[in-house]
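Participant: Order-wise, the sequence lines are chains A and B. Using numbering that gives the first Met the number 0, read the first sequence as starting at 0 and increasing by one per residue. Using numbering that gives the first Met the number 0, read the second sequence as starting at 0 and increasing by one per residue.
Wrong hints could be hidden among the right ones.
[Claimed, not checked] For each label pair, taking beta carbons as the anchor points, the in silico distance ranges come out as:
1) B/Phe75 to A/Thr38: 48 to 54 angstroms
2) A/Arg58 to B/Leu43: 51 to 57 angstroms
3) A/Ala54 to B/Arg401: 50 to 56 angstroms
4) A/Ala46 to B/Phe75: 28 to 34 angstroms
5) B/Val333 to A/Ala46: 44 to 50 angstroms
These are computed hints drawn from the structure, not numbers from a lab. No residue lacks a Cβ here, since even glycine has one placed at the ideal position from N, Cα and C.
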Amino acid sequence: MTVVPAPRETDVVQPGRNSEVDPDLRNRMERRLALRFLTGMLAACAALLWLFYGAGVVRLLSGAGGMP
Amino acid sequence: MTDLPGGDSEQAARARRAEKLHRLATACFVGSAATLPWGTLQQLTSGGLDLASLLALAGCAFTLPGIRADRLRVPFELVWPVVLLAVIGLVPTPLQPAGISPGMVVVMAAGFLGAAHATRHAGAFRVALACCALCAPLPPLLTAAVQLRVFFPEAWSPSGMALLGFPDPESMAGATLICAGSACILAARGLLLRNWTAAGWLIPAFLSAAILVPLYLFLGVGSAEVTPSGAAFTPARLPATLLVLYLAARIGAKLAVAARVRRDPELVLASLICLLGAPVAILWTPGPVPLAVAAGMLAGPAISRGRDTACPPSRLWRVLPGLPVALALLRLAVPLPGDPRDYVVRADILVRQQRADEAETLLRRVLAWCPEESRAAWQMAWLRLYQDEPDGAAYWAARSLRQSGSGLPPRFFPHPGPEEVQAFLNAVRDSAAVHTMEGTGGGTMALARVLFAAGRHSQALALLDALTRDEPCPEAIPSDTLRSLVVWLLDISEETLPESLPPDALWAALRTGSSLQILPVPRELSGVSKVLALAARVEEGWTDVLVLSGNASVGASGRWFVECRPAMPSGVFAPEDADSSQDERPYRWAGPLPGGSPGSWWAYHAAGIAVRLDAPKIEFRQPDVHCTYRPQRPPDIQLLVPNTRDENTPGNETGPAR
Chain A
0 MTVVPAPRET DVVQPGRNSE VDPDLRNRME RRLALRFLTG MLAACAALLW
50 LFYGAGVVRL LSGAGGMP
Chain B
0 MTDLPGGDSE QAARARRAEK LHRLATACFV GSAATLPWGT LQQLTSGGLD
50 LASLLALAGC AFTLPGIRAD RLRVPFELVW PVVLLAVIGL VPTPLQPAGI
100 SPGMVVVMAA GFLGAAHATR HAGAFRVALA CCALCAPLPP LLTAAVQLRV
150 FFPEAWSPSG MALLGFPDPE SMAGATLICA GSACILAARG LLLRNWTAAG
200 WLIPAFLSAA ILVPLYLFLG VGSAEVTPSG AAFTPARLPA TLLVLYLAAR
250 IGAKLAVAAR VRRDPELVLA SLICLLGAPV AILWTPGPVP LAVAAGMLAG
300 PAISRGRDTA CPPSRLWRVL PGLPVALALL RLAVPLPGDP RDYVVRADIL
350 VRQQRADEAE TLLRRVLAWC PEESRAAWQM AWLRLYQDEP DGAAYWAARS
400 LRQSGSGLPP RFFPHPGPEE VQAFLNAVRD SAAVHTMEGT GGGTMALARV
450 LFAAGRHSQA LALLDALTRD EPCPEAIPSD TLRSLVVWLL DISEETLPES
500 LPPDALWAAL RTGSSLQILP VPRELSGVSK VLALAARVEE GWTDVLVLSG
550 NASVGASGRW FVECRPAMPS GVFAPEDADS SQDERPYRWA GPLPGGSPGS
600 WWAYHAAGIA VRLDAPKIEF RQPDVHCTYR PQRPPDIQLL VPNTRDENTP
650 GNETGPAR
């Protein structure tokens with residue numbers, strides 16, 4: 000008897016056989032990826048601002064005034 | 000073959016029409032996104048409508064029949080952030096971002112949703128990306144050309160860097176980064192697919208860098224100019240920024256999942272562009288409308304998960320991006336209506352919005368960059384007249400007319416024509432009439448000055464001759480001194496003023512056009528000093544000074560640049576009227592200067608001109624204009640006349656007045 004393993008989220012796509020993905024699963028994947036991307040983009044913005052302004056970014060985010 | 004039934008053919012015709020509209024919409028969105036590198040050169044009207052907005056709206060219009068027939072094919076998770084962003088942009092709250100008009104907010108939201116609905120083919124986005132990539136060297140090239148004075152600039156950075164195509168250096172850097180990044184991504188995609196010719200995409204990116212480096216090294220553009228200000232992360236704008244980043248993250252995630260489902264490298268590329276472009280767009284804020292449309296074009300394939308629709312790629316995709324190129328080239332060659340460099344219209348709009356200070360700053364920037372641009376001085380004259388300062392208006396009008404008559408060709412706008420000069424003269428005449436009716440007397444000498452500057456000497460002399468001579472000229476004042484003072488007051492040459500003009504008329508002109516004070520020379524010096532005249536007119540950054548002893552100029556005449564404005568020395572120079580306000584307090588000379596030798600006498604003018612009256616010579620000390628002395632007031636003239644008044648007058652004390 001051949002045992003078919005339960006599909007993982009990342010294995011749900013099998014070209015040629017399973018071109019459509021369960022919408023709920025796809026949405027979950029999109030949300031999870033979006034959260035990672037959002038975190039990454041915020042980190043990239045913070046890193047760029049830190050690169051240009053150093054510790055002055057803290058003053059900016061605390062609302063103490065404009066950029067140094 | 001059998002004929003199709005009537006209903007089917009009608010349905011087929013409708014489908015063909017829908018497909019045609021769909022193609023047109025996609026082409027419009029491609030053209031709109033491709034305008035990004037051209038910045039404000041895409042402006043169509045001075046009201047702010049540009050080609051990107053027009054194409055985006057046209058695309059939306061072509062999309063509407065499809066939306067009405069079916070529905071908006073954009074998922075809710077992409078719609079609500081856009082709607083919320085539009086609400087933030089439209090409702091006047093502290094969260095409303097500055098610099099983005101409500102119309103632009105609507106176009107951005109509609110452009111995004113329309114592009115997301117209509118664009119289902121990744122190829123459309125790739126064409127827009129390629130157009131931007133090809134134009135990557137354009138923003139720095141335009142900036143360099145303006146620095147080298149090849150083109151007339153449209154704006155200046157706070158530190159004085161001239162710009163063309165972008166209103167500030169930050170957005171110029173943002174557009175360069177996005178376009179050069181697009182070129183690099185296209186090159187990387189081709190090279191990964193072993194298409195070695197794709198390395199050619201790197202040429203625009205290298206060219207951008209090659210232009211930027213000399214711009215910073217040799218043309219005086221500071222790197223601080225192009226660093227992001229971080230305004231998007233200030234507390235007021237943080238909600239909108241987070242919404243934009245959330246939207247980008249959702250589109251990027253959709254593209255990444257679609258790429259995994261479809262095994263399509265094109266979608267990986269699109270996801271990468273979305274994730275890299277969003278932080279750049281947030282920090283450097285270049286071209287909001289083209290970026291919103293481009294984001295919508297990225298969202299389209301993400302929504303359809305990479306499936307090509309029935310709509311094949313259109314030739315219009317390749318034609319429409321040529322429209323911004325043609326418009327920009329036309330703009331650079333000919334000043335058309337709605338030109339971003341049209342500082343006259345921009346200044347007028349600013350004045351109508353009660354932002355006269357900004358209009359003045361703009362005109363001063365133009366004059367500083369291009370002193371021969373007489374039109375900017377002319378607009379300054381109108382601005383001063385609008386601010387009810389006829390003397391200032393006369394100064395700028397005279398300056399403009401002098402530039403017109405210098406023979407130098409104008410840089411951007413033509414010199415003022417005769418009709419415009421006549422219109423300005425009429426306006427100054429009206430202003431002078433109002434002032435005369437109010438009894439203030441301002442404006443009459445301003446009118447005379449403009450008449451002289453416009454070459455209408457006979458009218459100007461008739462005006463001077465017709466002034467009310469309600470007070471005879473003091474006999475002690477020589478007519479040569481009077482003439483010199485009137486010549487200085489009107490900023491004309493000695494030859495222009497005829498000898499035939501009687502002293503009473505000159506005296507009336509002096510009294511009308513200046514704040515005139517007659518003070519006695521101290522008793523100890525009355526036998527030594529002749530009539531002494533101290534005249535000062537404070538302009539921006541310098542003081543126009545004339546010091547006359549008898550009929551000879553003491554080495555002080557001319558323009559003295561004043562770097563600092565100290566406070567008026569207190570206690571020594573007594574106010575004539577202690578009840579007058581602080582700003583209007585007239586000062587007069589009072590004796591020895593503080594710290595000076597006790598035997599020295601100084602005549603002291605309110606503008607800070609100090610003239611030493613020690614016999615036998617008279618020495619001038621350079622002026623230092625005091626803080627209390629306001630520019631643009633009528634010129635102050637002090638006449639020190641020996642033995643004209645009673646020796647007990649307050650100004651004739653032997654010691655400093657307290």
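Participant: Hints first: check each against the structure and report whether it holds.
Facilitator: A quick look at each hint next to the structure:
1. B/Phe75 to A/Thr38: 48 to 54 angstroms: Since the Cβ atoms of B/Phe75 and A/Thr38 sit about 23 angstroms apart, the hinted range of 48 to 54 angstroms is violated.
2. A/Arg58 to B/Leu43: 51 to 57 angstroms: violated (41 angstroms)
3. A/Ala54 to B/Arg401: 50 to 56 angstroms: Distance hint for A/Ala54, B/Arg401 holds at roughly 53 angstroms.
4. A/Ala46 to B/Phe75: 28 to 34 angstroms: holds (32 angstroms)
5. B/Val333 to A/Ala46: 44 to 50 angstroms: Holds: the Cβ-Cβ distance is about 45 angstroms, inside 44 to 50 angstroms.
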